[in-house]
Amino acid sequence: MKEYKTITRVAGPLVFVGKTEPVGYGELVKINLPDGEVKKGQVLDTSEDMVVVQVFEGTAGIDKKTRVKFLGENIKLPVSKDMMGRILSGAGEPIDDGPEIIPEKRMDILGAAINPYTRQSPADFIQTGVSTIDATNTLVRGQKLPVFSGSGLPHNEIALQIARQATVPGQKQNFVVIFAAMGITNEEAQYFISDFEKTGALERSVVFLNLADDPAVERLVTPRMALTAAEYLAYEHDMHVLVILTDLTNYCESLREIGAAREEVPGRRGYPGYMYTDLAMIYERAGMIKGRKGSITQIPILTMPGDDITHPIPDLTGYITEGQIVLSRELHRKNIYPPVDILPSLSRLMNAGIGPDKTRDDHKQVSDQLYANYAEGRDLRGLVAIVGEEALSDRDKRLLHFADAFEKEFVTQDRTENRTIFGTLQIGWDLFKDIPARELTRISPELKDKYYGKNKSNESKKDDKNKKK
Amino acid sequence: MAKNKGKLQRIAGPVVVAVGFEARMYDVVRVGKEKLMGEVIQLDGEKVIIQVYEDTSGLRPGEVVINTGEPLSVELGPGMLTSIYDGIQRPLPVLADQMGDYIFRGVDAPGLDHKKKWEFKATAKKGDKVKPGDIIGEVQETQTVKHKVMVPQGSEGKISEIKSGNFTIDDVIAKVDKKEVKMYQRWPVRTPRPVLKKLSPKMPLITGQRIFDVLFPLAKGGVAAIPGPFGAGKTVSQQQLAKWSDADIIVYIGCGERGNEMTEVLTEFPHLLDPKTGKALMNRTVLIANTSNMPVAAREASVYTGIAIAEYYRDMGYSVALMADSTSRWAEAMREISSRLEEMPGEEGYPAYLSTRLAEFYERAGRVTPLGTKQEGSITIIGAVSPPGGDFSEPVTQNTLRVTKTFWALDAKLAQRRHFPSINWLTSYSLYQDVLEPWFNSNVASDWRTLVNEMMGILQEEEKLMEIVQLVGSDALPDKQQVTLETARLIREFLLQQNAFHDVDTFCDLKKSYMIMKTIMHFDKLAHDALSKGVSVARIIETESKEKIGEVKFIKDYEKKLTTTQKEMESEIGKLE
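In order, the protein sequence lines correspond to chains A and B. Using my numbering, you'd call the opening residue of the first sequence number 1 and step up by one each time. Using my numbering, you'd call the opening residue of the second sequence number 1001 and step up by one each time.
No lab work stands behind these hints, which were simulated from the structure alone. Be a bit skeptical, because a hint or two may be false.
[Stated by the list, open to error] Subject to a maximum C-alpha distance of 25 angstroms in a straight line, what follows is the list of computed DSS-like cross-link-like pairs (lysine-lysine): (1) K397/A x K1464/B; (2) K1175/B x K1413/B; (3) K1374/B x K1413/B; (4) K1182/B x K1126/B; (5) K448/A x K1556/B; (6) K448/A x K1182/B; (7) K1163/B x K1178/B; (8) K448/A x K1548/B; (9) K1115/B x K1182/B; (10) K334/A x K397/A; (11) K364/A x K1158/B; (12) K1033/B x K69/A; (13) K364/A x K1413/B; (14) K1279/B x K1121/B; (15) K1131/B x K1121/B; (16) K1480/B x K397/A; (17) K1116/B x K1179/B; (18) K1279/B x K1116/B; (19) K1035/B x K76/A; (20) K433/A x K1548/B; (21) K19/A x K1033/B; (22) K1033/B x K2/A; (23) K364/A x K1553/B; (24) K1560/B x K1548/B.
Just chain B, with the same shape it has in the complex:
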């Protein structure tokens, strides 16, 4: 057996050097008397360079280092949903039990509860021929989600034994070609889980947020980036998506973010109800919280922990949405580790492999045919980016844009005037619009795309006209253009603005969005008709009925209200002379 014990030679921060044992890249090691968890990140002659996931204060040269011989892995099995983990899948409530209010080090906690019994229902029979990824049974993991138990990698053949009943995850529930199968498996987080086939996206991820769904839709299996300076609303947007997206499973990674914000998520999520099922949203959610003051190496790992969990549910045939807030912190963790290794830095001190790592991560998204089920699964990734000073030309934003197809640009200016969500409609884009057009046209309304294009046109024209208005004032514009400005205002205030903190407005279904669009464009048409009859533009703009569109945002029974508003507009504008 290879020698797996060595000793520490040098300690300087989260990166330590050990000698005297054999190690492979990315092996997990236990460092020092307290058995701190670390990972091999460089080999240099005799020297093994290790990043340690916990605080290294007090470590001395000469202390023992043990190689576990295994790469950084997570436990995948029932019990992940409703959990809240740190960056290396240690459940925070368990850590709180063992260590109290603070996170100290040297505590090992498995990602899954090994004592809890689950009711396993076999769906395969003895004698069935199975291969890795095939589903052999189910566990009701939470009220709303059935966890599918899959054959792990490396097991293939006939089922020689399988039983239903109440088991812990350590119990053997089946034997495949004499190999034992349990309800959970371990998986190295840095390795993508295999799939049968990658497919291209064709369905939208419905977010309940009007500006996303209407103007810049994201496809299930797609990738979006939300960059924005601090205070522009990245976290609120991410949380809104986590709450209301119509994915089956949500993985939310708080990577290097604020402690109080994570606590808010933790206290708020359990009380939220899914608009579709009426059950708690927490039932479909896995939270990973590695706040900014927790060890930097664990922050680097947290993103991989999250995506490995997401892939596991995808393999069951679910659509998963993963939010990473924020990928810049992840990139900075890479930079920090890299600079401790004294690697030659690339742009702005980031390691030269930054773009490869980002691309590898985002490529783990996608709509796929999993190995074992015909039901399609997908992972949608929404990555927040925190560019320094809000400057989108920095390396993390730029490298992210290269691999993402939907770009939701947050704008500090909009946030300052309390226009929320403060997504800039002129710089944002979605390359999924064409792919998704048939879906919207057949599932919502046949003129969906036409309406969207008309509105984008008006918003763009507004931008041009505003430049003129800035110079000469709005009264100097021709009548038609003044109407355009008014319609644009209605679009901005009544469609694009949405109040995340209002019970009703926080979620808006597609039909409601459609009707609001339709009503606003109805005003536009009425106004232009009236203009051609010779009505003065000032009087059209003064009409009050159109302002009622805004009230619709806050009421549930929107259909009636919008129909009456349309009629009122018709009669009010029709009366003008």
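Extracted from the complex, chain A is given alone in its bound form:
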């Protein structure tokens, strides 16, 4: 393979190499600096007289004497079952002082689109132990359900809690967790790793770390590395994989940075016009395939800049993913954990994962009723601020109190509290007790006969505690 010393221009993360033999688009590039340092890059633009390379490790130190080698293949990740329990860099190299990983094979990290015809519809209920997810925004196996958060909100805790507690009731196999950090701080990374170590989850995890001070370009490959590892474990080793990606906002910032360096025409708020497609190529790698046993469930986390859900990053994400869990600063200020605001939250695959054979016959209707009452109760808070509670009708008063009780009893739970779905639904029925049956219009008479006013909550709470042990 030829080496070139024909760098003509270096700008930001990009290196322009002149007079090369034909080089393939997307090829991996090795860059040897005069001081012996080796960097990697990828071809972004190739033509007969100029090749543009984006350098993963940043262009510091590159000069005209630097030698460039085109490797003739796309970026690949060496994969092996031994990756489990390991901590890798954002570019897929071990950084935990452990032994070298002997690859079973090397996989292209770009990943091809799954043929919609060979996809399997996700339909297995995942119990996360978090009421606001299980009851009202149910996660199912093979779904991509992001957490829309804001800076300073406890999204990391929630992600960890889900990773720890997620199970499919009735199935023994636990999830394998693949954790990809993009541009998070060292402190946050330590927090994740120590939690993984403490709970023993690390053995069943693969961690990819691209920290805030790691190069931005590397951030663009980190999620692809993680998903390639996930596909390998899911489809070749029949594992159920939960992929946590955090923080997609940093990823998109990098995308914008590279776009600007390439002098592309920017789209909304300076983000590149192809950001939708780019994000889709990450998110759409969640799913299940007919005839294969494994699955990939994705929980991407992003922080909405300025808590603005219409910002391009959450906006484009919401159009691709199958719902979203939205965290609220207002609830967080009220000291409610997890501060999930169910009103803007949604799980599009919920209906496929719930019901008599999967969770319970009343699940859907309880969820609808909770939504309806809480929405109305929250609206009334605005009214109360103006006219005072005395001016409300009895029904409105009940709804107002319902909203408060809902936040206190149903939303709030302990960071280690793992509620069963039955426990969660019972809390719902307990909340309905203060409302006359005829006002529960979203619930059918048969289900009201079966569950309304039945006091099982003490038992089910005991149940939960036993299960925790």
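Given chain A, work out where chain B should sit, using these hints.
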């Protein structure tokens, strides 16, 4: 012969540059050793700029480019129904056979099965004089749909030979003025198929969805837009329309949408039965799935592939409904390609020709007299729009509104309180109401339009009253207005809300909608009568019989139930003093 072989000069993403051959705009080319499919989108001196429908990784400068000399075309013939295609009419099951679970590149798959034999029944005779578009025979394509075989463009004259029997689509079934006619033809997707005459719409497309049929009806041959932020229920609405609309043929385009959602459509549709025929709905459906992670250029093409197929069935004299979910993804694909071409961007980075392209597409809808049959055909287009942040002032929504006459605005607020379908009744509109009024009045009930107007009036008044209620509470309102609020609630909960996931409620025929309206308005009248007798408003609102209207949604035998409910309301309210 013109030189048709050139070589690649530059590759940067899905747009590549080649030199050294002759090309016309929109010619289809084969790029590189793997013969990736592409389309010429710009000519610049020596340079030919090509958008490639497949992933371009690994392509090198110097690789060969071959011009096929043909524009992007689809194969039109029997076998399209029940199929599922990608954006350039490659059948996904065939791709799965050839490539496995993932979509790789460089695989060519024809849109129709060239080996399958169809039973062709000639309806024209030897010696008949025919022209393009004339129907010369039939094929039973699916249980419920007869495929009409038409004379292709460019053939005209006397039939010199025609035979019935079992043939593949490659067999010659007739000769017209010595030209061979097969059961299929190729058509360039970007060119609208010609018609004899465009007509104006006069029949409603009955959707089985109460809010659409009652408040904002769409005409067959009309155009509707459903814009809404994510999570407001665009896709569910589109799917409901695809399932229950009374069109003969459905073309459903999943353009840049979620893979799992397309899979859901694929697994669910084959099990659905048509309420009219009792046969599988799939029999009349063509699905086009180009998910968001499939190549962006193919996404741009998918909309054209869909409309060309729709036009073909329209030409047979069928009413076709085409759902495009979502046109915003299509517009974004245009934007992406345009920015790679470094074109001067218009509003929000969209190309300046966005509005022209949207208008051209929607203009391919309409009720028409086809070339070859007296039976009218129509295409109804229902385009979903995904405005960023739910902001309807963005370019795609605005340009769409300019050409569509029915506007179904989805509202995130309604969706959040689980009011489905979450169509906002105050901002939505339909300009077909007047055109369709005679049809509803003579086919459903003579007071249809009156009832609809009364209900719209109540809903609008509710909105005004709610502003006051927000300030002072509902008890402060005069009695009459409190009744209005109660009637409005009944309309919202019992008429407008509809459960797409309930076996019965998922489809509601016009008569049922009418009877529900009638019963609700009956309550309104009873309540006002009671008020004038001096009954207190609180007691009227407390009556329980009216709540039974809601139960009707979930039962098939609605007529009896509604008649008894009306009687119960009369006696319950009549007893009040």
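Going through the hints against the structure:
Restraint check: the Cα-Cα separation between K397/A and K1464/B comes to about 23 angstroms, which is no more than 25 angstroms; the hinted pair holds. At roughly 61 angstroms between alpha-carbon atoms, K1175/B and K1413/B are farther apart than 25 angstroms, so this suggested pair is violated. Between the alpha carbons of K1374/B and K1413/B the distance comes to roughly 47 angstroms, so the proposed pair goes past 25 angstroms and is violated. A C-alpha spacing of about 16 angstroms is found between K1182/B and K1126/B, which places the hinted pair at or below 25 angstroms, so the restraint holds.
Distance check on the hinted pair: K448/A and K1556/B sit about 23 angstroms apart at the alpha-carbon level, within 25 angstroms; holds. Only pairs whose Cα atoms come within 25 angstroms are accepted, and K448/A paired with K1182/B is rejected, the gap being roughly 63 angstroms. For the suggested pair K1163/B and K1178/B, the alpha carbons sit about 15 angstroms apart, so the restraint of at most 25 angstroms is met. The hinted pair formed by K448/A and K1548/B meets the criterion: a straight-line CA distance of about 16 angstroms does not exceed 25 angstroms.
Proximity of K1115/B to K1182/B is assessed by CA-CA distance (about 14 angstroms); at most 25 angstroms being required, the pair is judged to hold. For the suggested pair K334/A and K397/A, the alpha carbons sit about 21 angstroms apart, so the restraint of at most 25 angstroms is met. The suggested pairing of K364/A with K1158/B is violated, with an alpha-carbon distance near 64 angstroms, which exceeds 25 angstroms. For the hint linking K1033/B to K69/A, the alpha-carbon distance of about 23 angstroms falls within 25 angstroms, and the restraint holds.
For the proposed pair K364/A and K1413/B, the alpha carbon gap of about 20 angstroms is at most 25 angstroms, so the pair holds. Taking the CA atoms of K1279/B and K1121/B, the gap is near 23 angstroms; set against the 25 angstroms cutoff, the hint holds. Simply put, K1131/B and K1121/B have alpha-carbon atoms about 19 angstroms apart, close enough for the 25 angstroms limit, and the pair holds. Under the criterion of a C-alpha separation no larger than 25 angstroms, the hint pairing K1480/B with K397/A is consistent with the structure, at around 24 angstroms.
For the hint pairing K1116/B with K1179/B, the CA-to-CA distance comes to about 23 angstroms; that is within 25 angstroms, so the pair holds. A C-alpha spacing of about 23 angstroms is found between K1279/B and K1116/B, which places the hinted pair at or below 25 angstroms, so the restraint holds. Taken as a hint, the K1035/B and K76/A pair is honoured in the structure, with Cα atoms around 24 angstroms apart against an allowance of 25 angstroms. Restraint check for K433/A and K1548/B: the C-alpha separation of about 23 angstroms stays at or below 25 angstroms, so the hint holds.
In summary, the hint linking K19/A to K1033/B is supported, as the alpha carbons are separated by about 23 angstroms, within the 25 angstroms threshold. Distance restraint check for K1033/B and K2/A: the Cα-Cα separation of roughly 22 angstroms lies within the 25 angstroms cut-off, and the hinted pair is therefore satisfied. Between K364/A and K1553/B, the direct Cα distance comes to roughly 18 angstroms. Compliance with the 25 angstroms bound is thereby established for this hinted pair. For the proposed pair K1560/B and K1548/B, the alpha carbon gap of about 12 angstroms is at most 25 angstroms, so the pair holds.
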